[in-house]
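Residue numbers (the UniProt record's numbering), protein chains in the order written: chain A, 1 to 284; chain B, 1 to 284; chain C, 1 to 284; chain D, 1 to 284; chain E, 1 to 284; chain F, 1 to 284.
There could be a bad hint or two in this list.
Since the list can't tell identical chains apart, any single copy or any two copies may satisfy a pair.
[To be verified] With a Cα cut of at most 20 Å, we get these calculated PhoX-like pairs of lysine-lysine:
1) Lys211 - Lys241
2) Lys251 - Lys6
3) Lys6 - Lys54
4) Lys207 - Lys241
5) Lys54 - Lys272
6) Lys13 - Lys251
7) Lys211 - Lys251
8) Lys260 - Lys13
9) Lys54 - Lys260
10) Lys272 - Lys260
11) Lys13 - Lys211
Don't read these hints as lab results, they were simulated from the structure.
Protein chains: 6
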Amino acid sequence: MFYHIKELQYNAKPSQPDPVYAKKLQEILGGQYGEMSVMMQYLFQGWNCRAENKYKDMILDIATEEIAHVEMIATMIAQLLDGAPANDQEQAAKDPAIEAVLGGMNPQHAIVNGLGAQPNDSVGYPWTARYTVASGNLLADFRANLNAESQGRLQVCRLYEMTTDPGVRDMLSFLIARDTMHQNQWMAAIEELEQTQGAVVPSSFNKEYEKQEVSYSFYNFSEGTESQQGRWASGPTMDGKGSFEYIQDPKPMGQIPDLKPGPAYIHGTPPKEMREAQNQTFQS
Amino acid sequence: MFYHIKELQYNAKPSQPDPVYAKKLQEILGGQYGEMSVMMQYLFQGWNCRAENKYKDMILDIATEEIAHVEMIATMIAQLLDGAPANDQEQAAKDPAIEAVLGGMNPQHAIVNGLGAQPNDSVGYPWTARYTVASGNLLADFRANLNAESQGRLQVCRLYEMTTDPGVRDMLSFLIARDTMHQNQWMAAIEELEQTQGAVVPSSFNKEYEKQEVSYSFYNFSEGTESQQGRWASGPTMDGKGSFEYIQDPKPMGQIPDLKPGPAYIHGTPPKEMREAQNQTFQS
Amino acid sequence: MFYHIKELQYNAKPSQPDPVYAKKLQEILGGQYGEMSVMMQYLFQGWNCRAENKYKDMILDIATEEIAHVEMIATMIAQLLDGAPANDQEQAAKDPAIEAVLGGMNPQHAIVNGLGAQPNDSVGYPWTARYTVASGNLLADFRANLNAESQGRLQVCRLYEMTTDPGVRDMLSFLIARDTMHQNQWMAAIEELEQTQGAVVPSSFNKEYEKQEVSYSFYNFSEGTESQQGRWASGPTMDGKGSFEYIQDPKPMGQIPDLKPGPAYIHGTPPKEMREAQNQTFQS
Amino acid sequence: MFYHIKELQYNAKPSQPDPVYAKKLQEILGGQYGEMSVMMQYLFQGWNCRAENKYKDMILDIATEEIAHVEMIATMIAQLLDGAPANDQEQAAKDPAIEAVLGGMNPQHAIVNGLGAQPNDSVGYPWTARYTVASGNLLADFRANLNAESQGRLQVCRLYEMTTDPGVRDMLSFLIARDTMHQNQWMAAIEELEQTQGAVVPSSFNKEYEKQEVSYSFYNFSEGTESQQGRWASGPTMDGKGSFEYIQDPKPMGQIPDLKPGPAYIHGTPPKEMREAQNQTFQS
Amino acid sequence: MFYHIKELQYNAKPSQPDPVYAKKLQEILGGQYGEMSVMMQYLFQGWNCRAENKYKDMILDIATEEIAHVEMIATMIAQLLDGAPANDQEQAAKDPAIEAVLGGMNPQHAIVNGLGAQPNDSVGYPWTARYTVASGNLLADFRANLNAESQGRLQVCRLYEMTTDPGVRDMLSFLIARDTMHQNQWMAAIEELEQTQGAVVPSSFNKEYEKQEVSYSFYNFSEGTESQQGRWASGPTMDGKGSFEYIQDPKPMGQIPDLKPGPAYIHGTPPKEMREAQNQTFQS
Amino acid sequence: MFYHIKELQYNAKPSQPDPVYAKKLQEILGGQYGEMSVMMQYLFQGWNCRAENKYKDMILDIATEEIAHVEMIATMIAQLLDGAPANDQEQAAKDPAIEAVLGGMNPQHAIVNGLGAQPNDSVGYPWTARYTVASGNLLADFRANLNAESQGRLQVCRLYEMTTDPGVRDMLSFLIARDTMHQNQWMAAIEELEQTQGAVVPSSFNKEYEKQEVSYSFYNFSEGTESQQGRWASGPTMDGKGSFEYIQDPKPMGQIPDLKPGPAYIHGTPPKEMREAQNQTFQS
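Here chain A stands alone, though its shape is the one from the complex (with noise of 0.2 Å):
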């Protein structure tokens, strides 16, 4: 259960109104790697979690401070949207201010939520549950929060850059050392985890089941090695239990598919004798 206290986590003051930044910003809340994406992911993946409780109410209250970095955007957003003109374009070719800003401002923020911010992204694309992971496996979901914890924080340092405002900055510099945080918090997790389980997801599956003679071949595609340069190529792999070995033209290892034609009752292109003998049935 929770509950809600009136008082931002942090600041959320922007120095004046900026609509076409306010457009921006959404890629923050309601984006692919924005907060909202944690939020849930977190939340989903604390709810469902199996394994010892110090992981569910950690991830829990991570969770838990995320609905509030969201609700710090959000109010940023609506205080962002308080300059938004009205005026009609033509007035607007005339005055390249306020045509700054009708042009690059997202519409819905005025026709749809009424100078408020929406769950959508940077170009208004809705936040979907798509974007969030929750698979049980909490050394494969751990890895997927520090992605999503890496791509966020690049995210806020790009829009840190757009804008000069002094608010602005300052609430995106409280967001940037939390995901500081929470990036080390997640490489901890994933450390613990990897020590006992092993490097590789799912480390509990039989691996007498798996083909091993290629579980460590870097195959190269393509003409020419570069990229045979890299940690990757070469050396003991990252698990401890193998060698990096370089296959510089790898072969194929398959048959060539040779599909049988479908039934008749499907309708489809059986090869050209058997459509001959079905047109013979059916379009004399």
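Fit chains B, C, D, E and F to the known structure of chain A by using the hints.
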């Protein structure tokens, strides 16, 4: 530019048709973490790559392999669908075997695809480009890739447990091995980049612009302190630049939000006094 | 900002696993009118609220409760999935009970979520932010909320009829009661706003700019006049400002559209004479 | 069955082209609350109607009118696009008027639609059937309809304020008037049903199966009690069957969730002891 | 403008309920090539038409017919759902007939739609406007229409084979015949336009701006030359302006891509030297 | 299986950066009729092909070429983005050139993709697999392909007109030429199949099961008879088996629908008498 050869990378030969399993197998073809996702993700990462050539080449090598994985699974699904019955429901209710197939099949496999594979997941949801990421920051993206290969191998292992068909299992054992390699490969590439860039993405953002006093704090946003028991709550941080701190009772640092009334032309709901003034004007 | 406590708002304890019912229950979790929808809709309405504080506070109180409802249903689904069989189709065809489960389960519950809840509806379609609205006009939005609680309670009642599990029914009886409250609550808030604002949204739009001669006419656009029998076809209008009028045989009031040919660079299909002129230029 | 006549229901004649406004106008054509939504929603409600004929007839009368509204707006958009310039960006930067148009246009209006309307909203997001509802319960659905007409009229009013073109305003004044009617109409139909059915949807669910002790309680899930000041917090409930009760400090009534470990074949993360046992088996 | 009459265009009377078949029938209602798609596609093509009136009128005639087809199928589905059982899973497992229905039904038909049709396809995916096209070029669009009628008739034929219900088959036989007409009709309209415009869309583009040396070459991008055996590999081209040429071993004509490093504020991954320089600045 | 070579199929070298045009160019990369669509459509058609090998080989030859087209356009977009400014809005308002770029750019190109291409269209909508079709009937699918190449070439021609950059135009002139070939190719393959199969898809469906009396009738569903003037209204039908007939005043052939009341557990709205009976039971 690309060339195609007719042989599959590895055999895709089911021992017998199984249209119900064909539906499930769609998950690793067109699902969130299916082969289409890694194929498209790696292709775009490779084409957009602005780092040295060994990265671009390596990424496109794997991308090219993943096209072949999509091809193998699509071929497998088409063959698993060979035995799909067309009979009506009434007959099915009498014969449990037919019913099992009819009830569990994806109806589009027959109606839309004529017993062919489709670029969708196991519930028929179409593959979407929002499953992929190519951010221009390789460390961030390699974490995305490691996650994708972890979720992907987990799903293939689960599908392996759901069949006893030796031909299907043979193909899956190959995919599982390749995912072992790909997890190792991305871990290796991550290690290489972390050593030159540092662990927090993006490393090139000026730390002075970050609110550093909250960069290493774990906030306990729930009753109880089970979350204190993990590696993430104490000790040095993973980026080697601080120490985890556990904040047992986090307090808000921000304002109570108080939005200004919107302008009249938005026709929103301002505070009561303004509403009443508006109504006197327009409703009389 | 938000806090989490570990107890659920109400019990979510199924008497026994039922993976098929788990699939159906997803509808009120991640469906169009599931708890995620009201949770996100109320959160954004609250954060964007520009009216007096009692509204903002009230909206966020319910929003916060709805997060707890999502939590309860997710927890219930995870437990209902406990008994999901992994066996293959062949065995299932022999054992009707296993088959019933395998055929009716959402395959992603096993393959993707590892027997956990997912933020999707009962056919696996992901929750999307386009399910929500926060327009900045509270009367409009409270009508959206009343609709959501009406559709939601209807769906929960239908799900109640589809199970006999006393534990599941116990949880649903709680949700049904809360939806009774929430319908009453939005009706109360609507009444309050209608009394100060008037019944037609938005009340602040100048009536002189509205084509008032068609503001209270019912147009009978079909053969027959059954539609004349309702309250909407005669008597005073609900906003107290006019009388319903029944137009038995409505006529068009507009022009026959006649679009101009597009410019040449669009390469559309202009009328025949222009096409022939173009062809003489380019096809010779 | 349907017939078409060539005249529009009302005039759709812009005074001059305005491609930027054409983009905004898409919102009320193919947006969440655009005319396509009410058209499809009413059509399906009418076709699915199982109540007496006056309802089915009435719903289909409005549905048929809404097709004509879609037609009017599509025709308007095509004409507003007549003046779209094709020039390149370089020239645009020199001429603010051209630039205003190029920067603010929806690029698909030229590239995809050849200066025609599209079934999308103002940010180019395609209309989706998930915008509609037809539940089989008319009271629930009429509340959905009242909401749709409220949001719709609000958006049309906002668009009216964003243009000064008298031809566009003339068409919008007609749509605004029709939405006045449709709000009144659904209110009338709702009143009629509430009088026979009761106010809570669905009224036919047995109240004994509802946890009645929480059916009229307002839960204050946040600090502070501003939410106590509204009609929803005290006095008789709107269904006439109880009294609102304000619970200042709501407590959880449910269990602390504790999920069982998943079965081995799911390869999830069970508690530590089980993990270590698994690892001894498979990782040795 | 449109009028509705109460009779269906053709009978839609199932001989008995069949909720499982109702799910499948959704494909031709709200699927990619269902009746909603042609209805909306033709409506928008008609409304956007800038050619002579006979085209606009013809397109809208068919569009209007398609609304009636949607109506017929929706009505059929509602009746097929009449016999849907509400019983729980336990009872179903005992009675194979009930189970067959429960397992194969779309759960939303009961939970969301109250035994009514929905604007979705056979896996419950909602109809989306991205299924349609109205490009302003009639030859292009008539090819889209011919494709839609071909896919559509194919799907209806497959559904015909999946039932033995004489009432359902009667309705489908009507739809199949109408699709025969519509395929013929679009072929006729295509022929008419090709004769005045030429076969390649758009014919109005200046051929000198096209790289004509590759306009008629077939590239063999795979091992083996089976693809040489078709009409597309030799002989005169279909537009009557060239000859097909078979290129057995196509070579690249372009550069090896080499992207410039991005600017610092993007925080991407530039080549190694630049990375190290950046790290010296920010990580010290 | 596939191989990659590093050279592009054709040059992709813009003369200068143009981030605004980069946004537009996305349409032919990840749009409904962009290169991703034909690439994925042809790959799945090839993999699912059950006809003789020359078809499978031919389809996969083009599919493989289309991967190279995606590569070329992605590479072009990344270079067009090179000059994207990061400056804030305030500065932009002062400098029209910067503003033109900022206002017209896709913000995700910077925030999400770090100046790289994305698998989306020109309004940022993600590519989805529902853009493709692989039905198993080659004549149907080749018509889909002919449509795709027609829409595609039309869009590329429009984009050609929207730029003056010689490097961009050079690449587009290559794509336009290839689309000329691909239109010719599918026309040739269609002709070949129509000659053996007949023109109506599917030709293998038994004509006796089709309601042949309406197979060649044009229904005039609107006032006026302009639609009578086309090739589709008189003369022999295109399949050579009948004559077009123009029905000036089509009449319904079906019943007036009359749905049965739903069962009680659905809680829908039955006719009034039943509603009142229910209310007596539950509301007392």
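Hints, verified against the model:
no.	hint	in the structure
1	Lys211 - Lys241	within (14 Å within a copy, 41 Å between copies)
2	Lys251 - Lys6	between (63 Å within a copy, 12 Å between copies)
3	Lys6 - Lys54	between (28 Å within a copy, 12 Å between copies)
4	Lys207 - Lys241	within (11 Å within a copy, 38 Å between copies)
5	Lys54 - Lys272	between (65 Å within a copy, 11 Å between copies)
6	Lys13 - Lys251	between (60 Å within a copy, 18 Å between copies)
7	Lys211 - Lys251	within (16 Å within a copy, 36 Å between copies)
8	Lys260 - Lys13	between (66 Å within a copy, 12 Å between copies)
9	Lys54 - Lys260	between (54 Å within a copy, 15 Å between copies)
10	Lys272 - Lys260	within (13 Å within a copy, 49 Å between copies)
11	Lys13 - Lys211	between (57 Å within a copy, 16 Å between copies)
Violation of the numbered hints given earlier is absent; every hint is satisfied by the structure.
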